[in-house]
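Enquirer: Full structure from sequences and hints, please.
First to last, the sequence lines map onto chains A and B.
Note that this note's numbering has the first sequence beginning at 21, numbered continuously upward.
Note that this note's numbering has the second sequence beginning at 123, numbered continuously upward.
Hints should not be assumed to be uniformly reliable.
What the hints assert, rightly or not - Restricting the straight-line Cα-Cα distance to at most 20 angstroms, the calculated cross-link-like pairs of lysine to aspartate or glutamate (EDC-like) are:
#	chain 1	residue 1	chain 2	residue 2
1	B	K154	B	D199
2	B	K223	B	D331
3	B	K214	A	D72
4	B	K214	A	E86
5	B	K139	B	E191
6	B	K139	B	E169
7	B	K380	A	E26
8	B	K214	B	D199
9	B	K316	B	D326
Said to hold, decoys possible - Not close to chain A: a few residues of chain B, all C-beta gaps over 10 angstroms, as computed:
#	residue
10	Q184
11	T203
12	F210
13	K223
14	L300
15	P302
16	P306
17	R310
18	A349
19	S399
20	E413
21	S414
22	P428
23	S450
Rather than coming from a laboratory, the hints here were simulated on the basis of the structure.
For glycine and all other residues, C-beta sits at the position ideal for the given N, C-alpha and C.
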Amino acid sequence: MEITWEDGARTTYTGEQLRWACPCAECRGEAGMPGRLSRVKTLGDEELRVKDVQLVGQYALQIAFESGHATGLYTFPYLRRGLMQ
Amino acid sequence: MSAPSSQQVLQALATIKDPDLGRDVVSLGMIKELEVSAQGKVSFTFELTTPACPVRDRFKSQAEDAVRELTGVTAVDVRMTANVRPAFLRPKPSEILPGVKQTIAIASGKGGVGKSTVAVNLAAALRQSGASVGLLDADILGPSVPVMTGSRQTPQQANGRLLPIDAHGMKLMSFGHLYPEGQPTIYRGPMVGKAIEALMTQVDWGRLDYLVIDLPPGTGDASLTLAQAVPLTGVAIVCTPQDVATDIAVRALQMFRKLNVTPLGLIENMSWYVCPSCGHRHEIFSHGGAESAAKRYGVPFLGAIPLEESIREDADTGVPVVISRPESAGAKAFVAIASQVAARTSIQSFRQLPVINVH
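Expert: In structure tokens form, the structure reads like this:
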């Protein structure tokens with residue numbers, strides 16, 4: 021996925037990078053419980069392929085993967101700053 | 123020989139199983155528009171989840187065979203279609219409020235600051251300036267718009283959607299219109315979000331210059347849902363002058379900042395009171411807190427509205443004060459704030475939204 025920002029800067033991510041950086045509660049964990057991504061070592065092929073992207077309000081992108089996983093809301097700051105917290 | 127019943131046809135089709143999903147095609151909702159004529163002609167649509175379904179032809183022959191087995195069937199007509207399941211369970215942003223040019227949310231950090239009165243009067247003032255205006259009462263749990271606008275009516279429906287109520291030249295919709303008077307809406311958090319979505323997608327708002335959205339007080343589900351569903355043009359935050367009130371208002375400001383919603387500014391309500399007998403100006407809740415908070419946080423100060431009995435009186439009788447008493451200080455304050463809001467939103471409309479290309 022290639023993003024061109026308002027100021028002209030560009031960031032590019034592979035589906036794999038995006039999937040491993042999914043910020044949703046299932047992947048990342050919540051309320052002290054570890055997320056799925058901290059437990060599994062590998063992910064299947066369809067999990068790593070981006071299927072579709074949708075704008076959420078005007079602050080995030082919702083990314084759906086071929087596996088059907090689509091609950092991650094990737095905020096603009098998150099996407100701009102290299103998927104760092 | 124009599125034709126079979128729809129039930130019998132569905133039972134026959136329920137013998138067909140989807141190999142991937144492991145359930146029969148009837149329980150998966152893939153059989154649609156089933157018709158059985160008196161002469162025994164059976165026709166239906168078989169809806170696949172993808173046009174590229176590998177067992178498409180097999181499904182078709184299985185369906186035809188299963189139905190032909192029934193007694194009384196003279197002909198079978200199966201239409202194969204595909205309805206690709208959306209990747210997302212939310213409606214596309216472009217499909218929500220397509221005819222509305224600008225959406226203005228009215229928020230407050232806490233209740234009791236007069237937010238709904240401000241929303242109703244701002245909407246009416248924008249209408250008076252010649253714009254086409256809608257008012258969406260997103261306060262699901264405590265709707266006050268119907269009373270303040272004298273519009274206690276049941277909405278009509280057309281083409282499966284609700285038509286907004288026409289009042290004072292504006293289009294309105296509120297949960298107060300949908301439930302009989304006095305009946306509370308007791309909703310858990312996730313249902314509030316769904317209710318807000320319904321007010322946006324299942325009401326035919328048509329073409330509007332402005333949709334003013336009266337949010338519930340605080341920073342909860344309703345605001346979050348709204349900010350996720352539509353790219354809001356901006357949010358105006360109402361507060362009373364006391365420091366406490368404005369600190370709370372600022373929290374609302376920070377929330378909308380995180381959601382990347384443009385802050386149109388702060389509005390100070392109940393800013394002063396002019397005693398009708400002695401004519402003195404009293405600042406009951408102090409004064410100027412919102413203006414200094416606005417300066418501190420770098421957002422515009424949109425204006426101050428006085429405490430006037432007529433504002434509340436006319437709201438209780440269902441007429442916004444900008445319409446009933448335009449020469450009053452309150453009405454003039456609302457009109458001035460409305461033109462400030464309009465000026466700021468027109469700057470916003472030049473802001474570009476992200477373009478998404480999926481290859």
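Enquirer: All hints, please: hold or fail.
Expert: Each hint, compared with the structure:
1. K154/B - D199/B: holds, 12 angstroms
2. K223/B - D331/B: The hint holds at about 5 angstroms.
3. K214/B - D72/A: Holds, at roughly 12 angstroms.
4. K214/B - E86/A: Roughly 18 angstroms between the alpha carbons, so the hint for K214/B and E86/A holds.
5. K139/B - E191/B: holds, 17 angstroms
6. K139/B - E169/B: holds, 14 angstroms
7. K380/B - E26/A: Cα-Cα ~18 angstroms, so holds.
8. K214/B - D199/B: With a Cα-Cα distance of about 34 angstroms, the restraint between K214/B and D199/B is violated, given a limit of 20 angstroms.
9. K316/B - D326/B: Satisfied, since the Cα-Cα distance of roughly 17 angstroms is no more than 20 angstroms.
10. Q184: Since the minimum Cβ distance to chain A is about 26 angstroms, Q184/B lies beyond 10 angstroms and the statement holds.
11. T203: At roughly 21 angstroms from the nearest Cβ of chain A, T203/B sits farther out than 10 angstroms, so the non-interface label holds.
12. F210: violated, 5 angstroms
13. K223: holds, 16 angstroms
14. L300: holds, 25 angstroms
15. P302: holds, 34 angstroms
16. P306: At roughly 29 angstroms from the nearest Cβ of chain A, P306/B sits farther out than 10 angstroms, so the non-interface label holds.
17. R310: Holds, because the least Cβ-Cβ distance between R310/B and chain A comes to about 18 angstroms, which exceeds 10 angstroms.
18. A349: violated, 5 angstroms
19. S399: At roughly 50 angstroms from the nearest Cβ of chain A, S399/B sits farther out than 10 angstroms, so the non-interface label holds.
20. E413: Answer for E413/B: holds, closest chain A Cβ roughly 28 angstroms.
21. S414: holds, 28 angstroms
22. P428: holds, 35 angstroms
23. S450: holds, 37 angstroms
Hint compliance for this structure: hints 8, 12, 18 are not met, and every other hint is.
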